[in-house]
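There are 2 protein chains.
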Amino acid sequence: MATDMTLIWFSGSPPCWRVMIALEEKNLQGYNQKLLDFLKGEHKSQEVLDINPRGQLPAFKHGNNILNESYAACLYLEEQFKSQGTRLIPMAAPEQALTYQRMFEGVPFMDKIANVIYYEWKFPEGERHDSSLKRHREALTAELKLWEGYLEKLGAGSYLAGKNFTLADVVVFPCIAYVFRFGLSEKNYPRLAGYYGLLKERPSVKTNTHMSYSCKTIFDDIKPDAYMY
Amino acid sequence: MATDMTLIWFSGSPPCWRVMIALEEKNLQGYNQKLLDFLKGEHKSQEVLDINPRGQLPAFKHGNNILNESYAACLYLEEQFKSQGTRLIPMAAPEQALTYQRMFEGVPFMDKIANVIYYEWKFPEGERHDSSLKRHREALTAELKLWEGYLEKLGAGSYLAGKNFTLADVVVFPCIAYVFRFGLSEKNYPRLAGYYGLLKERPSVKTNTHMSYSCKTIFDDIKPDAYMY
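Line by line, the protein sequences give chains C and G. Per my numbering, the first sequence starts with residue 28, numbered consecutively. Per my numbering, the second sequence starts with residue 28, numbered consecutively.
If you're looking for bench data, these hints aren't it; they were derived computationally from the structure. Errors might be hidden in some of the hints.
Identical copies go unnamed one by one, so any copy, or any two together, can satisfy a pair.
To be verified - Derived pair list, reagent style DSBU-like, types lysine-lysine, alpha-carbon separation capped at 30 Å:
1) Lys227 - Lys180
2) Lys233 - Lys214
3) Lys161 - Lys109
4) Lys161 - Lys149
5) Lys149 - Lys180
6) Lys61 - Lys161
7) Lys71 - Lys172
This structure is a prediction, so every number in the text was calculated from the model and none was measured.
Make the full structure from the sequences, and use the hints.
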């Protein structure tokens, strides 16, 4: 039982979800956890600031070791518990290279999702422009097509870095789940939809079904040009 | 001689610089390299697109393994050449945790730098707002103060994750060098300035002095409120 670990998290947050999936994959159940409410600003509490001076979640501790950035926490858990649970970084150089490469392509992917989904939250009313939102939506569409192409090349039933589930899936799957939950068309992105369907059934993902949230279908709400999605 | 490696890079790019520092630290000299000109759009050439479909640099290959995201390349080089050159991920859990944590705090750090330095490049003229630039500058100031505080806590002569040079330094030093090159006041950030001075003399950094570029002092050019920097 991982009683020396504490995770403070939000429901529906892709970065928090990454850490939860990694913990499950490494068989680290039974950690202390606390669910906070973003809308109430609970992440700006002293309890969070003591762990994460940025006032953001996840906030994660293993003993006295603090890992608040989701990628940092995932890499640390894999490295510290290498022989426990799923091996998340392949040993062989080609698979390892692809794992790292796709993991870090997840950073611009999440940025592009955020630029669309959080547009109104990121930009005050007087600073919003249709031209800007259109550009963000086009960038996200191009990004989604890139990932659709990656999966097409690997073939049906593949994970993001090949035949095995890796840390690339741990960090990027929550992004893919996020866009589908926000209304991305499964018909327009069949490979991504297939991948989403495969991963949804994985125990480490299913266990964390409390990662649900009231999901405004923002893609439907804001899109003037439905063909993009 | 790392003749099975190829790096395509831009002068002055922090992500390219990270990979170059990592290669030096792992004693991987003699790789094939090609310097491209950003202003001429050379990164959109077929040669680059064949390695990096995003049309971005760095574009890096080790044999047939492709690692275009700078963090991915650095982690791969450390993992594949663990016992060669500088050990960049500490074994001990507390140092390892801090290394990963600071490494990934480097991502929002670089984002905040980019939001200020590349403001005019990122936003077309009609979408620029003084209020927005002011918010970005405040966010960067808060970020710089956070790092100044981290270094103050560790004491003079420290690296970003403690007594030893780690992957946190490889990926974050180029951000810190960048803000100083763009005119950040050494007087206002004495710990960051001390760290910059220390790292500038490190062989893996000195070797790559060709990472210089014509450096518009954008901090001086655009700041209405000089006290921030």
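(request) Identify every previously stated hint that the structure contradicts and give their numbers, smallest first. (result) Of the numbered hints given earlier, those the structure breaks are 3, 5, 6, listed in rising order.
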